[in-house]
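Engineer: Quick mapping for you: the protein sequence lines, in order, are chains A and B.
The first sequence maps to residues 923 to 1459 in this note's numbering.
The second sequence maps to residues 2 to 333 in this note's numbering.
Rather than coming from a laboratory, the hints here were simulated on the basis of the structure.
Hints may be right or wrong, so weigh each one.
[Said to hold, decoys possible] Below, computed lysine-lysine pairings styled on DSSO-like, alpha-carbon distance capped at 30 angstroms: (1) B:187 / A:1122; (2) A:1275 / A:1249; (3) A:1122 / A:1456; (4) A:1427 / B:319; (5) A:1199 / A:1272; (6) B:233 / B:319.
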Amino acid sequence: MRVGRLLLFFTILFLPTACDTKPPEATTERGATGLVIRLEGGDWGYPSPFAHYPRGPGGFKMALLFDSLLERDEKGLIPWLAESYVIAEDGLSYRFTIREGVHWHDGLPLTPDDVVFSLDYANRHAATWSYIHDAVAKVSAAGNTVTVRLKRPQAVMLDNLGRTRIIPRHIWEKVDRPKEFTASEAVIGCGPYRLTHYSKEHGTYRFTANVDYWGPKPRVGSIEFVPVSEPILAYQNGELDMAGVTPDVLPRFAEDSANTIVRNPAFWGYRLLMNVKACEQVQDVRVRRALAHAIDRRELVDKIERGAAVPGRLAILPPDHVMAAEKTRDYPYHPDQARLLLDQAGFAGKNDKGIRLLQNGRPFTLTLLCSAQEVRMAELIGQRLAEVGIETAIRSVDGKSRDAKVRGGDYQLAVIGHGGWGGDADYLVSHLVGDVFDPNSSPSASGSGGVVSPELLELLRRQAIEVDAERRRQLIEEIQQAAAELVAEIPLYYTAGSTMYRPAKYDGWMNMYDHHAMQHSKLSYLERTGPAAKRTE
Amino acid sequence: MGQRHTTRFCEYLFTILVVLSLNFVLPRAMPGDPFLILSAEHGEEIARFSPAQEEAYRRQYGLDRPWPVQYASYLGGLVRGDLGYSIYYNQGVTDILLARLPWTLLLVLSAVFFSTLAGCLLAGLSASFRDSALDRLLYPLMVAVAEIPAFLLGLVLLFTLAAGLQLFPLSGAMTHFADHGSLWGKAVDIARHAALPVLTLTLVRTGSMYLLARNAMITVLTRDYIRTARAKGLSPLRIFARHSLRNALVPIVTRVFLSLGGLVGGAILVENVFVYPGLGRLMRESVMVHDYPMIQGIFLLVTVTVLSANFLADLVYKRLDPRIGESAEVRP
């Protein structure tokens, strides 16, 4: 990949005349509004709520076809198929008032009964991007309202219920294996676009504006997804209307006023897990703090992402997150402080190689698990830890093997990377303890586990059932402060790449409050009127 | 004679059974399973499955059953001609393979054809003018070409001929959402898209084919019948085509069939570079996401292709060289 990057860099640098930005002649005018947008494709599955792939942006394509009760704008959740909602004080009941005058793509009206069916169906069948599976006790309709009764209170359920796709009962009620239902009816939704082309082997999609859409008018007539080998070159050749841009070629595009370049919110990140159950040294908070001081997170940003990232915060939530606490304990790169903490923790003795010694006289060595793509990152971490007298042994495996080892607790230190850092702050639970309500759950689905104090556990429980937004915000702030004090995990950095597009072609792009890719936002393709109107408060 | 064929058939059957068992066991022996997703590749989105969701999916696909039961179910499906249903791609394995196979066949068969042609012609020149300036130029050049990794050559061609000079499309197998006008127009478009992947594969294969063919021809050119042909005053072209090339064909044909056997995996890196919708990319992705039925289906196809190619090589081998009797065979 590094060879590819290098070649890409020199191609763009040294072939200016051959590759000058051309008008996007590849896109033909067609569709409801006449405008055709072409974006990077690739096969991410049949865009039904159950059949798109669990990896990649298939879910965002699916969301163009299927609406949900709530939608996401720049600031938060907004009413969509639900005109309004009320959450009961006990956090167990959610009542949604369903919008009238909505029709499916096949012309039949959407009714509250469809909403009841959809939520019940997602509760019974695991949908790929729905998180209400096995969480709902009862769903019922009365007039134009739908009431959802949960099995237990969960503050995150507004988000989870709100993003669950509403599907037509008359099509899905006879489907028992939804993941395998890939007939043409499986993509009939009530969203602003219809699927008019899909090729699995080529990775091409075309979404055409639904002229009968109930909501804000689609601004883009057709959205076409085509496979490309190098998105930047394809953008330069006019084959794409939007592309991510890497830091090394960014100045080249920034010079051209035809391009608008936007920094993406930093919601995709890497974190370092410390397994206190497999490594007694990191049970001591001083050692964990020493690791936080010893690892130069800015260096990782500069050397691995070439500056296109934000250093990790020990409070876990990234700075762009709507609930990111401001005053939390920071751990700047400070090797002397790290050495002092390790001395205080009882690891003052060193061998002739400068490696600290454990009480049993063995060298202080930590194994560091990572995937093959993260070896460079692991090496840099290892170099910094060596400076403070900790030796690291890097274990590089494939991604699935790393996941299995993390799930099984078979590691000492592990680097893991994923998106979703902008989502509901309830993910702090899975980072810190797994499941706060299930004593038999694994220490953590994907996190460190085992370092959480009873006070922090109580805070996590309270936020999980707190339905008052302001009170929950305060709890989340306290959790971040506690997590930073305890150094439960070390977020290494959150990537903050850039995206470029040609405003002369289309300028409706926006970022959802919790996501980093503008092309994934449904509102990017709609007029900002009615329920989609821009909020100023 | 009949017994020999029965023995051969049993050998092939045994090989298939062993491979089937390995195909079944190896993917499941890898850590993790299709539904355990904690991490993503750089920048990639992933769905988060709760433990309850993971269990529900495992039950749905029968992955919670003991291995022997799953194995029996797999073999039962094969007997019925059912390769299974892809866990990741949500489509029948046979349908996916049939949709991708033609693209890989197009690339690999074209590359085998062109590389064999070019390799043999250049080898013929080298062997005919052995130790000449041409031979001294071609030999090291072809040794170097044979060592270039396919993906690197592909990238260089992509960035120069497609991105730089814009002579070819950047990626894919055809121009999408375009009106090709006619079947001929579509064929030309497909050929333009296949040009760089085929050129890449051809170049990397030409080197090894040249070395093999040159060696075979040099050996043949020292034979008495070549000297006799020259003494009879036959033209160099006739000597090359009728006497030298034909007698050097046995190792070349063997290599061609072995190349065909490896056609599924042979283009994997090139398909990745050019985002070409062949089986190579499918194989890579399937292994990455632990899609057991898909992995089993692809490797079964690879096995059948390799065995079929060996069987064909076996037949052609004997026809090419009548001196080789019934005892000659290419072992599966």
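Engineer: Now tell me if each hint is right for this structure.
Structural biologist: Here is what the structure says about each hint:
1. B:187 / A:1122: This hinted pair holds, its Cα atoms lying about 19 angstroms apart.
2. A:1275 / A:1249: Given that 30 angstroms is the threshold and the Cα spacing comes to 39 angstroms, the pair is violated.
3. A:1122 / A:1456: Violated. Residue 1122 of chain A to residue 1456 of chain A sits at ~36 angstroms, over the 30 angstroms cutoff.
4. A:1427 / B:319: Status violated; Cα separation ~65 angstroms.
5. A:1199 / A:1272: Distance ~25 angstroms between residue 1199 of chain A and residue 1272 of chain A Cα, so the pair holds.
6. B:233 / B:319: Between residue 233 of chain B and residue 319 of chain B the Cα gap is close to 29 angstroms, so the pair holds against 30 angstroms.
The structure is inconsistent with the numbered hints 2, 3, 4, although it conforms to all the rest.
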